[in-house]
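Trainee: Now for the letters of each chain:
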Amino acid sequence: MNIVVCVKQVPDTAHLRFDSNDQLAQESLENVMNPFCEYAVETAVRLKEAHEGSKLTAITMGPPQAKEVLKRAIAMGADEAFLLSDEAFTGSDAWSTAFILSEAIKKNLPSTDLILLGQFATDGMSGVTGPALAEFLGFPSMTFCKKAELKSDTILEAHRETERGLEIYEITLPGVICIMKCDYEPRIPSIKGVMKANRTEIPVWDAASLGLSADKVGLKGSPTMVAKTWRKPKKEGGIKVDGSDPQAAVSQLIDFLRQQKVM
Amino acid sequence: MSATMTIDVSEDKWGLTEEQRMIRQMVRDFAVSVVEPKAAHIDKTQEFPVETFKEMAELGLLGIPIPEQYGGAGLDYICYAITVEEIARVCASTALSLAAHTSLVCLPLSNFGNEAQKQKYLTQVASGKVLGAYGLTEPNAGSDAGGTETRAEKKGDKWILNGSKIFITNANYAQIYVATAKTSKEMGTKGISAFIFERNTPGFSLGPKDEKLGMRGSDWGTLIFEDAEIPEENLLGELGQGFKYFMKTLDSGRISIGALGVGIAQGCLDKALQYAKERKQFGRAISEFQAIQFMLADMAVEIEAARHLVYNAARLRDAGMPYGKEASMAKLFASEVASRAANKAVQIHGGYGYTKDFPVERYLRDAKLCEIGEGTSEIQRMVIARHLLQQ
Chain U
1101 MNIVVCVKQV
1111 PDTAHLRFDS
1121 NDQLAQESLE
1131 NVMNPFCEYA
1141 VETAVRLKEA
1151 HEGSKLTAIT
1161 MGPPQAKEVL
1171 KRAIAMGADE
1181 AFLLSDEAFT
1191 GSDAWSTAFI
1201 LSEAIKKNLP
1211 STDLILLGQF
1221 ATDGMSGVTG
1231 PALAEFLGFP
1241 SMTFCKKAEL
1251 KSDTILEAHR
1261 ETERGLEIYE
1271 ITLPGVICIM
1281 KCDYEPRIPS
1291 IKGVMKANRT
1301 EIPVWDAASL
1311 GLSADKVGLK
1321 GSPTMVAKTW
1331 RKPKKEGGIK
1341 VDGSDPQAAV
1351 SQLIDFLRQQ
1361 KVM
Chain D
245 MSATMTIDVS
255 EDKWGLTEEQ
265 RMIRQMVRDF
275 AVSVVEPKAA
285 HIDKTQEFPV
295 ETFKEMAELG
305 LLGIPIPEQY
315 GGAGLDYICY
325 AITVEEIARV
335 CASTALSLAA
345 HTSLVCLPLS
355 NFGNEAQKQK
365 YLTQVASGKV
375 LGAYGLTEPN
385 AGSDAGGTET
395 RAEKKGDKWI
405 LNGSKIFITN
415 ANYAQIYVAT
425 AKTSKEMGTK
435 GISAFIFERN
445 TPGFSLGPKD
455 EKLGMRGSDW
465 GTLIFEDAEI
475 PEENLLGELG
485 QGFKYFMKTL
495 DSGRISIGAL
505 GVGIAQGCLD
515 KALQYAKERK
525 QFGRAISEFQ
535 AIQFMLADMA
545 VEIEAARHLV
555 YNAARLRDAG
565 MPYGKEASMA
575 KLFASEVASR
585 AANKAVQIHG
595 GYGYTKDFPV
605 ERYLRDAKLC
615 EIGEGTSEIQ
625 RMVIARHLLQ
635 Q
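So the sequence lines, in the order shown, correspond to chains U and D.
Following our numbering, the numbering of the first sequence begins with 1101 at its first residue and continues without gaps.
Following our numbering, the numbering of the second sequence begins with 245 at its first residue and continues without gaps.
Mixed in with the good hints there might be a few duds.
What the hints assert, rightly or not - In silico BS3-like cross-links for lysine-lysine, where the CA-CA straight-line distance does not exceed 30 Å: (1) Lys1281/U x Lys429/D; (2) Lys1292/U x Lys521/D; (3) Lys1334/U x Lys521/D; (4) Lys1292/U x Lys364/D; (5) Lys298/D x Lys1281/U; (6) Lys1296/U x Lys521/D.
Claimed, not checked - Chain D residues, not near chain U, derived (Cβ > 12 Å throughout): (7) Met266; (8) Met431; (9) Ile468; (10) Ile616.
Don't read these hints as lab results, they were simulated from the structure.
C-beta atoms are modelled at their ideal positions from N, C-alpha and C, and glycine is treated no differently.
So here's chain U without its partners, still in its complex pose (with noise of 0.2 Å):
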C-alpha cells in the first residue's frame, strides 16, 4: 500500500498579533503544520502501521522553509518526503495547488493507493484541494473523515462526520479522504523520530522538473483571485440588563429590541 499525505505549512493562529493599523505583526508570525494536516498525518501512520509492508510519502507545495513540516512528517512516521517548490507556484489558489500536486502524484509517485489531507488548512479554509486534486487524479473522494480503516487493498471504509451525523462509507481505491479533526489526537514524535527526519533528505521538485509551464500554475494558472482582504470589526460591547426587578428587565429589553427593530 503506497500512501501519500499532503501537508500545508500555516502561519500558528495562537501567537498571531495585529499592530494598530490592523496589520499582520511581523514578528509574531510563527509557522507550523496546519492542524488538520496532522490529525492527517496521524491517520495516515496509523494506516500504514495496520498494513504492513505500506509505504508513507508527505509532500507539501511552498517556499523552502516548508521543508519544516515535511520533517515533522517524517519524524511522525512517514518513510520520505518531497518539498514542491518553485517561484513559479507562488500565488496559487486551491485549483492551481491541486493541479500542481496532482501532476507530482502522476509523475513521480505513480503507484500511489491513497492519499490523505487535511480538510482545511487554517489560512484559507476553503477546503476544496482535497476533492480537486481527486478530480485532477480521476480519483473517488471523501471530505469531512474523523476515521479510515483499510478493509482490503482496494477498499478503504471511511467514517465521515456531518450535520446529519455520522455516515460511514466505503471507498474504492486508489482515493482520496480528506480528514478533519479525529477522536484520537496526532502523536508526539519520538527523539528516534526527530532524529530520522533530521538526518532525511528531502528532494525538492520544482516545475522544470514536473514538466509545468508557467502559465498553468502560480497566479496564472488560479482562475480565482482575492479581491480585497479586511479585518473583521471588533464587535461593540452588549448592554447588560439588571433582573433584579423582572417586570422592569422586561421593559427594557422590549424597548431596546424596537429600537434595533428587532420588534
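Position chain D relative to chain U; hints supplied.
Mentor: Same frame as chain U, now just chain D:
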C-alpha cells in the same frame, strides 16, 4: 502551543543545530501536552507520575546522552540539557526524576561499567524499561560524601553491604540502583567503591517516605542495607574508585541541575509575564508599571546568563574538554537564579501568588532544591575556588 508559553526561547541565538532545535520543539510539545496538566496534582499528592515516565520511555527521553547500542538516543549533552530545561519549565519534579535517572544512573553505568554490566543494566535504564536511582548521601555523609559509612565486605563471591542511604531520588520506583560503600576502612576516599544492584537484592529494603517542601512529584526515599548480598560482578569499575567515579558523575549531573534551574526560572518568567499583562490595578495592566517591568527585566537577564553558562558547560563536555568548574558555575548560578526568579514571580502575582490557585508558589518551593541537591551552593563555590586556586 499553550497560552502559558508567552515567550519563545528564540532558537537561533543559542547557536543550536537544527537537530537540537527540533528536539527542543518535540520536548516542549510533550511537556505542555502531557507533563504540565499533571504538575499541580503530583505536587499536591506526592504521587510519582508513573504514566508520564512510561510515555517518556516510549519517546526515547530516558537515555538521551547514552549510545544507541545501549538503548539510548546517542544525542549530545546539549540535547539532554534542553530536555531537562523544557520539562522543568512546566514541572520541575518530573525533570528532576528524569535528570537523576539519566545523569546519576545511566551515565556512571555508561562511563565506568564493563561490557557485561552495560548489556545487563544500562540497556534497561537507558531505554526506559526500568527506572534507576543512585545512592550517595547518608545520614552522616551529605556534603561530606567522603564520610560514607555504608560498609561492603567481600564474602565468597558476594559483597555484603550494611548501612543506609537517604534522600535518594526515584528510590521507591527504581528497579536498578547504583550506590557507594566503604570497602576499606583505612584508605579514606580511596576506600570507597561503587556497586550496581537490583530491587530484589536479598537484604535490601526501602525506608519510609519523607514529606518534602518542594519537588513533591519526584519520588525520594531511603535505601537500607542489612547484610544485603550483591554479586561480586556487580562492582562498578575498579575497587576503591567509587568516590572518584561519583565526583565525575556529579560534574555531569550539575549541568542537568543547572538546566533544571534555567527551566524553573523560565517557567516563572512565562507565568509572571502572562499575569502582569492580564492583571489590572489602578485602571491598567500592572505590566505598565515600572516596578513590575524592572523585575521582569532582571529575571530575563539572569535567565539568559544562566542558560549561557549551562550550554557552555554542556558544549565543553560534548567537546571532550574539562568542564568541572564550568558545570559548578552553571549549577550554582542557575539554581540561585531559579530561586530569585520564583521569588519575583510570586511577588508579581501578589496575594494570588501566595495561593495554590497559581503555579508560582510551586516553582518557589521546587527551586530551593536546586540550591541543595547534587552539591549545595556552598559546595559549588568550594569546587570553583579549588579550580581557581589550582590554576
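Trainee: Now look at each hint and say whether the structure bears it out.
Mentor: Each hint tested on the structure:
{"no.": "1", "hint": "Lys1281/U x Lys429/D", "in the structure": "violated (66 Å)"}
{"no.": "2", "hint": "Lys1292/U x Lys521/D", "in the structure": "violated (39 Å)"}
{"no.": "3", "hint": "Lys1334/U x Lys521/D", "in the structure": "holds (21 Å)"}
{"no.": "4", "hint": "Lys1292/U x Lys364/D", "in the structure": "holds (22 Å)"}
{"no.": "5", "hint": "Lys298/D x Lys1281/U", "in the structure": "holds (26 Å)"}
{"no.": "6", "hint": "Lys1296/U x Lys521/D", "in the structure": "violated (40 Å)"}
{"no.": "7", "hint": "Met266", "in the structure": "violated (5 Å)"}
{"no.": "8", "hint": "Met431", "in the structure": "holds (42 Å)"}
{"no.": "9", "hint": "Ile468", "in the structure": "holds (36 Å)"}
{"no.": "10", "hint": "Ile616", "in the structure": "holds (30 Å)"}
Going down the numbered hints, you'll see the structure goes against 1, 2, 6 and 7, while the others check out.
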